[in-house]
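Engineer: Listed here are the chains, written in short residue letters.
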Amino acid sequence: MSADITLAGVRKQFGRKVVLDGVDLTVAAGESMVIIGGSGTGKSVMIKCILGLIRPDAGSIRVDGVETVGLRGKALAAHQSRFGMLFQGGALFDSLPVWRNIAFALAGNAASRRAAAIDNLARVGLGADVADLRPSELSGGMQKRVALARAIAARPEILFFDEPTTGLDPIMADVINDLIRTLVTDLKITALTITHDMASARKIADRVAMLYQGRIVWHGPRGDLDTSGNAFVDQFVHGRADGPIKMPVRTL
Amino acid sequence: MNPVTTIAHALIALGSVVIGLFGAIGRLARFALTVLTRLVRPPYYPAQLAEQMLVIGYFSLPVVGLTALFTGSALAQQIYIGGSRFNASSTVPAVTVIGIVRELGPVLGGLMVAGRVASAMAAEIGTMRVTEQIDALTTLRTDPFRYLIGPRVVAAVLVMPVLVLASNALGVMGGWLLATQRLNFNSAAYLNTTAQYLKWDDVASSMVKAAVFGFFIALMGCYHGYHSSGGAAGVGRATTNAVVSAFILILLSNLIITVIVFGS
Ligand SMILES: Nc1ncnc2c1ncn2[C@@H]1O[C@H](COP(=O)(O)OP(=O)(O)O)[C@@H](O)[C@H]1O
Ligand SMILES: [Mg+2]
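Residue numbers (the numbering used here), protein chains in the order written: chain A, 5 to 256; chain B, 416 to 679.
What the hints contain is simulated information worked out from the structure, not anything from laboratory work. Since the model is a prediction, treat every value here as computed from it, not as a measurement. Think of the CB as a built atom: it goes at the ideal place given N, C-alpha and C, for glycine as much as any other residue. Careful, some of the hints might be misleading.
Claimed, not checked - Pairwise CB distance ranges, derived in the manner of DEER restraints: (1) A/Arg-59 / B/Trp-615: 46 to 54 Å; (2) A/Ala-81 / B/Ile-440: 52 to 60 Å; (3) B/Gly-646 / A/Ala-79: 27 to 35 Å; (4) B/Ala-444 / A/Ala-114: 48 to 56 Å; (5) A/Ser-85 / B/Ile-427: 44 to 52 Å; (6) B/Gly-498 / A/Ser-99: 20 to 28 Å; (7) B/Ile-440 / A/Gln-17: 21 to 29 Å; (8) B/Pro-477 / A/Gly-13: 38 to 46 Å; (9) A/Asp-98 / B/Val-676: 55 to 63 Å; (10) B/Ala-444 / A/Ser-85: 29 to 37 Å; (11) B/Leu-481 / A/Leu-137: 35 to 43 Å; (12) A/Gly-13 / B/Pro-457: 32 to 40 Å; (13) B/Phe-485 / A/Leu-137: 37 to 45 Å.
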């Protein structure tokens, strides 16, 4: 139960600002793909296009060979129900307790949904004691884990993680990395992770792709990250200010 | 600059304002149409509807009631002063009940609820938008129009007539209290005259106005919240726009209904 995703020539602009400028990318079924790239390069926009939350201006997005751009109504809902998504800020519903967040998309009576929620909490290393808390009563790391539990609760075929480790301390970040790796292996799902945390990328990825100025400028297996021979990737991996990626910062 | 280019510039500016206005009306109409078409098809969310009816109706009662009470009293006092100039102070109960039921009860009730509810809806839905909770709803197999917006619109349309009924009653009561306590009106005679001038048509038009106002209040709150962007500042703007546009739509639709119902 996994699916492959193929993007071809995906373009999106907001007003006159071109965010995606012809993205080509293939994610194989059951593979863990990591997209790296600087802040504001359109990584979130790209996965929202795949999810059908944003409609691209041009290009094709196929899941299992079926075109998904332009889907509407029931077909769009069916497409979206194949995905689980961990949003950048967690996006937990703050009006609902933790267990109702996790069980939100699950069918059944309250008792069985609650049991399923606690089951998924255990998967992300949290106890039943947090089930009745509100999201606002949790620390940032716990919120991320609850959001993760919610994303996997309906056992989706494809999981998206938008910056799962941003804002976490290094230890908590590694806990989340381990979780994602285990989920991908255990549940045998296709995973697409966005990050600019290289430690996270090295841990989670089977393959890595780099997004820069609206295009995929490099992709390859995780092992090739250090020997890519690509100046963009080298600069990003080593976190250097000088290189082909220019930051529009005025010198003092 | 020569006059021709000045006029041309003015026309272009005017044109873009008009185009902008039509664009805004078009977007709003499309939003309203989406709300209505999604409403008629399942899934329905009765628990959300009940919660919204409580939030909009029950918790608005004190502020709507007080507004009507004070305004009814002030109205009675003014009619008394105005009426005594041509020796017609006995018109106090008649004019108060007509003024409250036809105009002030629904309009002031609508404005007070708009201030309370349209702003709260815009803030809540706007925050959900900028924190990606609305996107999260979609990925969790839930249509935000059916889950968030539909229940708010239906609740407001159902609850506003009840609130305005209370508003009318308390407005009349405010007039009666002032007239009997301060102006030495006979209580039974005052109530008698009130009953005599209270027409069912007026009550019905009052209810229709209330339902229309409720629709606009929830629609504006949801529309501006749903389309907010740009973090906390954006949510702030959405809240202000929701209240201002709800006020304008209430006053405009009130005028239109009044002209249609009472103008002929
Ligand atoms: N709904 C939107 N409307 C306008 N601009 C947007 C919208 N969503 C994203 N953008 C812009 O697109 C660019 C890429 O955003 P994003 O995909 O969130 O970046 P990141 O790679 O950090 O995830 C940003 O400049 C952002 O301002
Ligand atoms: Mg992002």
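Engineer: What are the numbers of the hints the structure violates, in ascending order?
Structural biologist: Hints 2, 4, 6, 8 and 9 are the ones this structure does not satisfy, whereas the remaining hints hold.
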